Amino acid sequence: MFNPLKIFKKAEESGEEPEVNQEEIIKNALKEDGNKTKEIADKREEPASNKNPKDFIKLTTEIDRLKIAVESFGEVRKGLTERITGLSEQIGELRAMILDRDRTIQEIELKSVKAADLVESVHPDKLMIEIQKEDAKFEALKANLEGNEAIMNRIMEELKEVRKKIEFFRGIEEIIKLGEEVKKELVEIKKVEANINIDADKVETIYSELRKKFQDVDLFSGNLQELKINLSQNTKDVDFLKNKVTELADKEELERLVKKVQRYVEALQEINKKSSLSKDVSQLKTMLEGLK
Numbered sequence: 001m002f003n004p005l006k007i008f009k010k011a012e013e014s015g016e017e018p019e020v021n022q023e024e025i026i027k028n029a030l031k032e033d034g035n036k037t038k039e040i041a042d043k044r045e046e047p048a049s050n051k052n053p054k055d056f057i058k059l060t061t062e063i064d065r066l067k068i069a070v071e072s073f074g075e076v077r078k079g080l081t082e083r084i085t086g087l088s089e090q091i092g093e094l095r096a097m098i099l100d101r102d103r104t105i106q107e108i109e110l111k112s113v114k115a116a117d118l119v120e121s122v123h124p125d126k127l128m129i130e131i132q133k134e135d136a137k138f139e140a141l142k143a144n145l146e147g148n149e150a151i152m153n154r155i156m157e158e159l160k161e162v163r164k165k166i167e168f169f170r171g172i173e174e175i176i177k178l179g180e181e182v183k184k185e186l187v188e189i190k191k192v193e194a195n196i197n198i199d200a201d202k203v204e205t206i207y208s209e210l211r212k213k214f215q216d217v218d219l220f221s222g223n224l225q226e227l228k229i230n231l232s233q234n235t236k237d238v239d240f241l242k243n244k245v246t247e248l249a250d251k252e253e254l255e256r257l258v259k260k261v262q263r264y265v266e267a268l269q270e271i272n273k274k275s276s277l278s279k280d281v282s283q284l285k286t287m288l289e290g291l292k
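As numbered in the working numbering, residues 1 to 292 make up the sequence shown, in order.
Calculated directly from the structure, the hints in this document are not laboratory data.
Small disclaimer: the values here were computed from a predicted structure and weren't measured.
Watch out, some of these pointers could steer you wrong.
Unchecked claim - The following label-pair restraints were derived from C-beta to C-beta distances: (1) Ala143 x Glu180: 50 to 58 Å; (2) Asp117 x Leu94: 29 to 37 Å; (3) Val192 x Gln215: 30 to 38 Å.
Positions of the beta carbon are idealized from the N, C-alpha and C atoms, including for glycine.
Given only the sequences and the hints, what does the whole structure look like? Please build it.
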């Protein structure tokens, strides 16, 4: 019976990659199956007289064995086809990888050729001489830079000291400014204090004037009470005199009554004049309430 695994075993023993041809494997398998079936048909065509029971049993067992072999071959063929498809896919991938590698190798070769051409065009010997010259210049510049760096460090230290001094002087300037501001504030405070003293003097004068006016008011109120009493008495006298005048019509008495009445009128006019003090008193009261 055809065994397709023999091809892979031989390839593995030889260390070579097996060349898989699916059509060839299937043809070989079908060829061997045809040979087997042909042998079975030939055996069946033999005359029955030549067969005995043992040969018949043997033949049936052989047929069963062939059936099992065919079934197993079908499974093997299925697995083999799957493996062949997988191998063909892997071979395709390998071919693609090989093509990519060939392309990259070609690109690398082109780049290497270009690099070689560039190196030849640059003249490495001359380039090394130029590099050595540049290195010498670099060392000289490095020495100059180190010297300049030392000078810069000294300058930075001096600048730090100058900054400290400037900050100190700035602090003094700030103190002077604060002193001037304090002086200005003291001058303003003194001005306010002077204004307060002036206002206090004004208040004292107003208070003394008010005290005097209140004393005058007290005197006026006392005089007013006396005048009221006199006025009431005079009204009584006038009433009495009116009664007397009606009773007596003597000229002398009339003249005396007229004089008394004139005196009363004059007294009343003086009272009216003095009544302006009441207005002054009311004004003083309003002023006191405003000061409160």
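Quick one: which hint numbers does this structure break? Sort them smallest to largest.
Checked against the structure, no hint fails, so every one of them is satisfied.
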